[in-house]
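*Asks:* Chains E and L are the protein sequences, given in the same order. Sequential numbering of the first sequence, starting at 1, is according to the numbering used here. Sequential numbering of the second sequence, starting at 1, is according to the numbering used here.
Some hints could be false.
Said to hold, decoys possible - Capping the alpha-carbon separation at 30 Å, the derived lysine-lysine pairs in DSS-like fashion look like this: (1) L/K25 to E/K116; (2) L/K37 to E/K133; (3) E/K18 to E/K215; (4) E/K215 to E/K238; (5) L/K37 to L/K25; (6) E/K133 to E/K109; (7) L/K25 to E/K109; (8) E/K116 to E/K133; (9) E/K35 to E/K18; (10) E/K67 to E/K215; (11) E/K18 to E/K238; (12) E/K18 to E/K67; (13) E/K133 to L/K25; (14) E/K112 to L/K25; (15) E/K5 to E/K67; (16) E/K5 to E/K35; (17) E/K35 to E/K215; (18) E/K67 to L/K25.
What the hints assert, rightly or not - Below, a sample of chain E positions facing chain L; criterion: calculated Cβ distance under 8 Å: (19) L50; (20) R74; (21) L75; (22) R77; (23) Q78; (24) F80; (25) F84; (26) A88; (27) Y105.
In case anyone wonders, no lab produced these hints; they're calculated from the structure. Where is the CB? At the ideal position from N, CA and C, for every residue including glycine.
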Amino acid sequence: MIEIKNLTKSFGDNLVWKDVSLQIEEGRTLAIIGKSGCGKSVLVKHINALMTPDEGEVIVDGRNIFKLNYVELRLVRQQFGFLFQGAALFDSISAYENVAFPLRYFTNKTEKEIHKRVTDCLEMVNLGNIGNKGTSELSGGMRKRVGLARAIVLQPQYIMYDEPTSGLDPETSEEINELIVRLSENLNITSIVVTHDMHSVLDIADSAAFLDEQKLSWYGTIDELRESNHERLMSFVKASEYQI
Amino acid sequence: MDIFYDFGRYGRLLYQAIRSSTEVKSYYRNFVSEMIKTGYESLPIVMLAGLFTGAVLTIQTSYQLISALIPKSTIGAIVSQSIIIELAAVISGLILAGRVGARIATELGTMRVSEQIDALESMGFNSVSFLVVPRVLAGFVMFPVLWVAAATCGIGGGILAGWVTGSVPAADFMQGAREFFFAWDIIFGLTKAVVFGFIITSISCFKGYYATGGAEGVGNATTNAAVLSCIYILLADLVLAAVLL
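With the rest of the complex left out, here is chain E (with noise of 0.2 Å):
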């Protein structure tokens, strides 16, 4: 399980959101939601460390993750998969490599379990036949793809996704969306999921946290989500709706 607890970040002088407080449970997903710049991304970075609070705790299975040693944070690190936005692939190397890449620094796996492994991962993702595509010949749909592959390869517990439908047509978002589920429900990984795609929330989340006026505005699960009169959040989502 990870709580966040009272959790305020600024850059300078600019306050990004304060005193935020929410749980994401074992086995669910969490939406995060929010306009552009709202602080979303900057959120889910904090749950893994990637950057730290001016205040506040991030704890991951009992323990704050700000407290931890740099050995011991990297340990935790491992249990989480992260899909970036650009989906972050190394651009030095092809797509399978990207996925075989964790695996190659962090297991003892033979060459031939490695291969069996990314093989499995890549047709995970619906990208059995990839080959050894260089990353700047995958369209954006795969990369993200690949992405999630490379983040499902070392098995973890969490799954951070940081818009993972942003740039992609409807078709593929769908398609995206349908991944996030299937893996979460066939692998029991808990998520995270970052976006303002109020059709992906509705498809794949159980519960989501709106993030608005520099703090955690409305956070309630998906059900609770379709009966709020919470007005900015309505407005949100009504908006978000508009646009499709």
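With chain E held as given, fit chain L onto it using these hints.
*Replies:* What follows is chain L alone, placed relative to chain E:
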């Protein structure tokens, strides 16, 4: 205040690099490829620079020393010593600040702004040991090798220019070079190469690693890496000369 902030971050990055230098498994593959990129691929330009520097220096020195009282071998002594104690290290250092420094800053800067460094960290890698340590180590190892190549070509270029222009016969050149040869000069030249290698690679890693702001940020990081490397090379050159000679 910015300069203190930058020095602090630079010091912290070096401290992290030293601490993580024991994690050989995470950087040995990169170390080999960095030695090739920094050393082997820089050989042609460094050799060319050395060759022309030696040739020009010979022609100019022989032009300045037109006197029947000065033996021709003096030209060999001046040229070879100038190359060994100063020019091989400084000329190749300034060239490599552009070639190697700019490459390192661009690579790391692009990785930073495209979140590839965050991706490494989020997988559990120590990005400093993975990216910075192999580059700085490659600088330590390969810059002395490049210095040897530059100095050899410089002296070769001097002999060649003396022979082609007829200003100094090869035998006289070599005689002068041998007469004024001191082993300490070699140590001094190699020390400079090691220091310059460290300056270029560490500053470029620092600028690239902390790049911000997209394409413009990477451009700034690259420019700053090359310019700062050149400035600190010249500064270190002065300090080393004052301290070691």
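*Asks:* With reference to the structure, classify each hint as holding or not holding.
*Replies:* Evaluation of the provided hints:
1. L/K25 to E/K116: Given pair L/K25, E/K116 holds - Cα atoms ~23 Å apart, limit 30 Å.
2. L/K37 to E/K133: holds (24 Å)
3. E/K18 to E/K215: holds (5 Å)
4. E/K215 to E/K238: Distance of about 21 Å is within 30 Å: holds.
5. L/K37 to L/K25: Distance ~20 Å between L/K37 and L/K25 Cα, so the pair holds.
6. E/K133 to E/K109: Holds, at roughly 23 Å.
7. L/K25 to E/K109: The hint holds at about 15 Å.
8. E/K116 to E/K133: holds (18 Å)
9. E/K35 to E/K18: holds (16 Å)
10. E/K67 to E/K215: holds (24 Å)
11. E/K18 to E/K238: holds (26 Å)
12. E/K18 to E/K67: Holds. E/K18 to E/K67 sits at ~20 Å (cutoff 30 Å).
13. E/K133 to L/K25: This hinted pair holds, its Cα atoms lying about 27 Å apart.
14. E/K112 to L/K25: holds (21 Å)
15. E/K5 to E/K67: Measuring from Cα to Cα gives roughly 14 Å; hence the hint holds.
16. E/K5 to E/K35: holds (22 Å)
17. E/K35 to E/K215: holds (12 Å)
18. E/K67 to L/K25: holds (26 Å)
19. L50: Holds, because the Cβ-Cβ distance from E/L50 to chain L comes to roughly 5 Å (cut-off 8 Å).
20. R74: holds (4 Å)
21. L75: holds (7 Å)
22. R77: holds (4 Å)
23. Q78: At 4 Å from the nearest chain L Cβ, E/Q78 passes the 8 Å test, so the hint holds.
24. F80: Holds: closest Cβ of chain L sits about 6 Å from E/F80, inside 8 Å.
25. F84: Holds, about 5 Å.
26. A88: The hint holds - E/A88 has a Cβ within 8 Å of chain L, the shortest such distance being about 4 Å.
27. Y105: holds (7 Å)
Of the numbered hints listed earlier, not one is contradicted by the structure.
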